[in-house]
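Note that the protein sequences, when read in sequence, are chains U and Z. With this note's numbering applied, the first sequence corresponds to residues 408 to 776, in that order. With this note's numbering applied, the second sequence corresponds to residues 7 to 206, in that order.
Calculated from the structure, these hints are not laboratory results. For every residue, glycine included, the Cβ atom is placed at its ideal position computed from N, Cα and C. A few of these clues could be false.
Quick list of in silico lysine to aspartate or glutamate cross-link-like pairs, EDC-like style, CA-CA up to 20 Å [stated by the list, open to error]:
#, chain 1, residue 1, chain 2, residue 2
1, U, Lys558, Z, Asp175
2, Z, Lys46, Z, Glu27
3, U, Lys621, U, Glu755
4, U, Lys613, U, Asp482
5, U, Lys649, Z, Asp161
6, U, Lys747, U, Asp667
7, U, Lys747, U, Asp432
8, U, Lys489, Z, Glu153
9, U, Lys558, Z, Glu153
10, Z, Lys10, Z, Asp109
11, U, Lys582, Z, Asp109
12, U, Lys552, Z, Asp39
13, U, Lys558, Z, Asp152
14, Z, Lys131, Z, Asp81
15, U, Lys582, Z, Glu156
16, U, Lys613, U, Asp560
17, U, Lys515, Z, Asp175
18, Z, Lys131, Z, Asp86
19, U, Lys515, Z, Glu144
Covered stretches of chain Z, as calculated for chain U (at least 3 residues, CB under 8 Å) [as the list claims (entries may be wrong)]:
#, region
20, 109-117
21, 123-129
22, 133-145
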Amino acid sequence: MYTIADNILSPLGETTEANFKAILDGKTGIHLVQNQKLSTQAFQGAFIEQPFTEFDESLTRLEGMFCRSISTVLDEVDINLKRTVLVLSSTKGNIDTLENNGSGIRVKLTDLATRISDYFNFVNPPVLVSNACISGVSAILVAQKLINTGKYDNAIISGGDLLSKFTLSGFQSLKAVSDHPCKPYDSTRNGISLGEGVGTIVISNKKDQNRNNKALSYIKGGAQSNDANHISGPSRTGAGLKLAVLRALSQAKLTVDEIDYINAHGTATLFNDEMESITFNDLEMGNIPLNSLKGYFGHTLGASGTIEVIMAVRQMNSNTIIGSKGTNEIGVTGKMNVIKHTIDSKIERVLKTSSGFGGCNAAIIFSKL
Amino acid sequence: MTLKISSFARIDTGGAFKNGELVVPNHQEGQDDFLLHIYKALGIKYGKFHKMDPLCKLAFLTAELLTDKGEILKDVPPEDIFIVIGNSSSSILSDTAHQQEIDMPSPAVFVYTLPNIMLGELCIKYKIMGENTCFQSEGYDINFIDEYIESTFKDTGYSHCIFGWVNADHNNLSAHLFLVSKSDDGMHFTPEKIRSLMNI
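One chain only, chain U, in its complex shape (with noise of 0.2 Å):
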């Protein structure tokens, strides 16, 4: 199974390729956001501020987005949609025209999944995976287990989520945000920065209807855990995303040693960061060139897995490890080796993982072509 093509929309561009531009030019999509919409006072978070105008009316703003950025990739393969299925991840949708009765604008995920599906004429039912932080990775996973049945040929897996007041006065409340833009891993984290954006990623059993090289790689296993520990923090030892990631590697038949490259959740809460250097400590992977994405993007929630996965597999195709953004002096007791400034290094495979709510941990595994 291959990834064949892909696209970001975030703060930072509506393409991959400016968004991998921007990182690399030392951008952030994170900024102080001022929207009295969103919250009475001023916050660090990575919102998208211009206001999306050509797309069809109808649509919802996280629609819009969705659909923007799933049109996107739709220019760039060819394949028959016949056999092609929408896996969708979000974990809250259209939360922002939620009432305090209930009532909304497609509030229910499968109303807003339908509605994707219908702008496109889709013929095959969508399916909506809702995981929590690590939805984006799940619905890969997913989408390929679809595609193993013999089914579909190919999957469209686009995860979206707003910056919305629902998620940002929860997180406040949480005391889980972070004052200053997010430091993944450093000694003086305090919380996350949230962000928002769509992900598309277009994979196929196919290679051949891959037009850009960059967005080409081989998905190697993947696998789910629980830490059957608790529903808003990880586990202390780390022993779900453990799990996770020695399924993975189990199932790609890839030791501990063959991975170049990690590319972690690193949300920077003190619990989320220290979790996971236990893991990759206890795993012997703390040597393991590693990245925290989320100092460039945020935290954007059921889009941030395949936000990231594209930004892996662009830094392995690439042969460029990204500094982790907001990391200064690294603040966690496992051994790890976080990237602070960006350099060269050859990638053959990438570990993605992502931990979320409800413990639930998910890791995936991609090699170059």
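With chain U's structure known, arrange chain Z on it following the hints.
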């Protein structure tokens, strides 16, 4: 060895059912009262129950019926079990509660504003460490879930799976859970069988 359904449970406005038999009838007025009534009638003692939102309570109680309060799974290694649950209203009850108090939000409400939290609660109660996937669909797509589960059993060394449909909104609640395992005993795991057990 093939995939067999070893038990099934259901909770809806008609009551709580285990393997098709009524265990707790519903004489209650509201959803909350009904869920608490089932909890008490089944003699469950689980402190975490009281902090859950109605969706998680519903999933938890149905799973308690399904697994004989966890007895059925107690000798199964945590990493050998996975969960796949479908839902159409996501976490709308907690979403609405959070929205109503958005200027003074409560973290205890916010943590339930994700539909996969109910899977997390089951993982904690029964020590389940395998995959847990929450699908959103308008109705329960039996063929899709059946195919997904079979392919997950094939790819990974899982021995047991809890799957089904758990949905709660302002007007209604409905849960159907099944336990399927690699076994010689039990009913064959087929979409037709599931459909007939769910009566749809």
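To see whether the hints hold, each was checked on the structure:
1. U:Lys558 x Z:Asp175: 33 Å, violated
2. Z:Lys46 x Z:Glu27: Holds - the C-alpha atoms of Glu27 (chain Z) and Lys46 (chain Z) are around 18 Å apart, at most 20 Å.
3. U:Lys621 x U:Glu755: Judged against 20 Å, a Cα distance of about 13 Å means the pair holds.
4. U:Lys613 x U:Asp482: Within the cut-off at roughly 18 Å; holds.
5. U:Lys649 x Z:Asp161: 19 Å, holds
6. U:Lys747 x U:Asp667: The given pair, whose Cα atoms are some 16 Å apart, holds under the 20 Å limit.
7. U:Lys747 x U:Asp432: 14 Å, holds
8. U:Lys489 x Z:Glu153: 19 Å, holds
9. U:Lys558 x Z:Glu153: 10 Å, holds
10. Z:Lys10 x Z:Asp109: Distance of about 49 Å is beyond 20 Å: violated.
11. U:Lys582 x Z:Asp109: The hint holds at about 15 Å.
12. U:Lys552 x Z:Asp39: Given that 20 Å is the threshold and the Cα spacing comes to 41 Å, the pair is violated.
13. U:Lys558 x Z:Asp152: Holds: Lys558 (chain U) and Asp152 (chain Z) sit about 14 Å apart, inside 20 Å.
14. Z:Lys131 x Z:Asp81: Roughly 14 Å between the alpha carbons, so the hint for Lys131 (chain Z) and Asp81 (chain Z) holds.
15. U:Lys582 x Z:Glu156: 41 Å, violated
16. U:Lys613 x U:Asp560: With Cα atoms ~8 Å apart, Lys613 (chain U) and Asp560 (chain U) stay inside 20 Å; holds.
17. U:Lys515 x Z:Asp175: 11 Å, holds
18. Z:Lys131 x Z:Asp86: 15 Å, holds
19. U:Lys515 x Z:Glu144: Answer holds: Lys515 (chain U) to Glu144 (chain Z) is near 9 Å, not above 20 Å.
20. 109-117: holds (count 6)
21. 123-129: Check passed, 5 qualifying residues.
22. 133-145: Satisfied; 12 residues make the cut.
In summary, the numbered hints that this structure violates are 1, 10, 12 and 15.
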